Amino acid sequence: MKQIYNMYRIYYISILLGALFLFSIELSAQQGLSRPSVVKIEGEGLLPVSKKDTTANQQIIQADGFSYYTTAAGIYIYFPKPNNYVRLFALTGQVLWSGELVSGRFFIPTGEGIYFLRVNNKSYKISCKKT
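Position one of the sequence shown corresponds to residue 1 (our numbering), numbered consecutively onward.
I should point out that these hints are in silico values taken from the structure, not numbers from a laboratory. Everything numeric in this text was worked out from a predicted model, so none of it was measured. We treat Cβ as the ideally placed atom computed from N, Cα and C, and that holds for glycine. Incorrect hints may have been included.
[Said to hold, decoys possible] Have a look at the derived ranges for each label pair, beta carbon to beta carbon:
hint, residue 1, residue 2, range
1, V102, I60, 16 to 26 angstroms
2, S14, K129, 45 to 55 angstroms
3, E100, Y12, 20 to 30 angstroms
4, E112, K81, 50 to 60 angstroms
5, L17, E42, 30 to 40 angstroms
6, G93, K2, 34 to 44 angstroms
[Stated by the list, open to error] Dumping the calculated DSS-like pairs for lysine-lysine here, alpha-carbon to alpha-carbon at most 25 angstroms:
hint, residue 1, residue 2
7, K130, K2
8, K81, K130
9, K129, K40
10, K81, K125
11, K130, K40
12, K2, K81
13, K40, K81
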């Protein structure tokens, strides 16, 4: 009788561990799906430079066909021409965001860190930090 009880107990524990394992895989897959959302900025001017934003590097960098600057919160980008294919990578190589952006001003919330920004098949190293 004791052997049957132990067998059921081992069976029950193995089912619980299997369910826990599957749940943890599902959570990590959901975390991989989260990506920063790109915000289009309406209004006049090239890039929004705020006097209140003390975290802004606000050194506007002119790249090939677009310009950008970074803050501790993210990346501000200005595209004068339409149809720009953009990909944002983490240092690990993971794609954080990819898509096509039309002309205009955009903000990509990233947080502090170092990223690789690929625009129209050209790559740029981006550093988002407090100044």
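Status of each hint after checking the structure:
1. V102 with I60: 16 to 26 angstroms: holds (20 angstroms)
2. S14 with K129: 45 to 55 angstroms: Holds, at about 48 angstroms.
3. E100 with Y12: 20 to 30 angstroms: Violated, at about 52 angstroms.
4. E112 with K81: 50 to 60 angstroms: violated (30 angstroms)
5. L17 with E42: 30 to 40 angstroms: Given about 52 angstroms between the Cβ atoms, the range is violated.
6. G93 with K2: 34 to 44 angstroms: violated (54 angstroms)
7. K130 with K2: violated (64 angstroms)
8. K81 with K130: Given that 25 angstroms is the threshold and the Cα spacing comes to 30 angstroms, the pair is violated.
9. K129 with K40: holds (22 angstroms)
10. K81 with K125: holds (22 angstroms)
11. K130 with K40: holds (23 angstroms)
12. K2 with K81: violated (77 angstroms)
13. K40 with K81: Since the Cα atoms of K40 and K81 sit roughly 15 angstroms apart, the hinted pair holds (cutoff 25 angstroms).
Consistency note: the structure conflicts with the earlier hints numbered 3, 4, 5, 6, 7, 8, 12.
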